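Those sequence lines, one after another, are chains A and B. Each residue of the first sequence is one higher than the last, beginning at 44 in my numbering. Each residue of the second sequence is one higher than the last, beginning at 304 in my numbering.
Just so you know, the hints here were simulated from the structure itself, not pulled from any lab data. Given the structure is predicted, the values throughout are model-derived calculations rather than measurements. Do not rely on the hints blindly, as some may be mistaken.
Claimed, not checked - Some chain B residues flagged as far from chain A (calculated, every beta-carbon gap over 12 Å):
hint, residue
1, Thr313
2, Ile367
3, Asp369
4, Ile386
5, Val411
6, Ala489
Claimed, not checked - Quick look at which bits of chain B chain A covers, simulated, 3 or more residues with Cβ under 8 Å:
hint, stretch
7, 374-383
8, 503-516
We put the CB at the ideal spot given by N, CA and C, even for glycine.
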Amino acid sequence: MTYIAILITYIFISNFILVQFLGMCPFIGVSKSSESALGMGMAVTFVTSIASVVCWSVYQFLLLPFELEYLRTVAFILVIASLVQLVELVIRKISPPLYKALGIFLPLITTNCAVLGIAIINIDENYGCLESFFGGLAAGLGFTLAIVLMSNIREKLDLAPVRRSFKGVPIAFVSAGLMALAFMAFDKSLLMNLHLV
Amino acid sequence: MKKSHKKELTKGIFKENPTFVLLLGLCPTLGVTTMVSNAIGMGFSVLFVLTCSNIMISLLRKVIPDSVRIPSYIVIIASFVTIIEMVLHAFVPDVYTALGVFLPLIVVNCIILGRAEAFASKNTVFDSILDGIGMGIGFTLALILIAAIREIFGSGTITLFPMGSFNGVIKIPFLNVWPIRVMTLAPGALLLMGYLKAYFEFHSRRQAKKEKLA
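Same shape as in the complex, but just chain B:
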């Protein structure tokens, strides 16, 4: 793997993280992160749609006329969203119900249209795949981080998927009995997002200063 390929893959995870740095796709970021399992479901749905639509758009980039490119992108994205909607409905109905209206809303998630417009329409298929996977993983990790903080403090549990004898819920002692309920409600999401964004800003500024000194 060449160095530039590695860069395409890893840039989405920290340096150009779609959630914290680019501030894209905020609706699902705040809306579904009350439980870790929902965050994982949403993250992987976006990862799937983003990668597939990047491949499709990159393949068609020379065919689609410039004047109708946005509607064409939207139709391609909407088809993949419909696919993932049906798959989740059939195989993990719990997650499907929990995600509710946010699942069809992946269509208007700015990350996907943004990557289509800014990256996939100008680059080769392989680079677009890497970009899609990287951005998707960055988004998923951000969702899991927010959901974990909100769920641990807000209800004192970590909900994963049930496997074998493990029922899927990890209980945190103490917080389980006295949770800080506001964290799972709407205000908690906004406050947490503000503090996390402030931390990212602080971190990137310190990084820049360090690079200047070196």
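So here's chain A without its partners, still in its complex pose:
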């Protein structure tokens, strides 16, 4: 698959949130205001891109040569947890404004299914190093797209007359469902029409 095809696949066709349901917790939890949604999305994109490459390298150069494939889950979650910590330290030192924007979201990312999800999907799909990077980047961008759209909808919903039982989370789920319905318009034929496969 070409890199553009990977980007389109994970942003639109199998969007991480609306099609694959990876990263639902922050999608519901942090989508109350568009500002924090954008921050969370950017932080996730940052971490998924780096984590994909690092996890790919760990798998190829450490786990495969020593025949330790069964330790994949343990190794990946440890790598991601320490990576998030490292990224937090580096950002705090290098760019305080960026840390101010992303800082509070970084600790939450360790337990975000999207990060571990894309690392495992990269291995399952037999991607190379650069392909893994684009997979991670696209997964993060797809997450950002969905969570920003969602936060804008929820800001509008705050002012709308909603039944008391539906207020808050339930109506957010229903609107996410309608959004997912719209995303079903993107399917594999999109790639074929664009001559990417």
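Chain A is already provided as a structure; the job is to place chain B on it using the hints.
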């Protein structure tokens, strides 16, 4: 069994149901519930991992230093996830393939880490076991409920495990021929979750009102 023990066991099933009340572990809840058999497989995997990790963490709660507790919890949980992954791969390969990426993702399921942090690290081993079993059963029941609704309406069948002469699939007349296909797809899961959550909110509010009157 003392009264408080019974409370630890039953709170996860309705009052503090991890899926509908606490909204934890949403990824597998929506991702694997296209068939009842997958929901059962996922539910019992989480039940196993949750109970075992609760026991382990509760035993080690005085040994693990406070500053490295989250990484230690994650390693303990990940080991049990690896065990259940291997067991499913060996004994029920169909369920293993159907659950796919969601099986290793049990590691980052917020229910397990949440219970470790909020309960097992502060309570005795026996209470932690009860809490783990209760929460696990609550999660399993929620998954089965969602999966049953989605499968009955979306494909008109109920898929269980084949046993003897029973091939494992119950067909629902009428819906079997004209299924509402969207229920098995992604939007159906989100819509259904929204309506179920709204029902739970409605129910708990009515309960609260009744208690106030009494």
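Okay, the hints, checked on the actual structure:
no.	hint	result
1	Thr313	24 Å, holds
2	Ile367	15 Å, holds
3	Asp369	16 Å, holds
4	Ile386	10 Å, violated
5	Val411	5 Å, violated
6	Ala489	5 Å, violated
7	374-383	holds (count 5)
8	503-516	holds (count 3)
Of the numbered hints stated above, those contradicted by the structure are hints 4, 5, 6, listed in ascending order.
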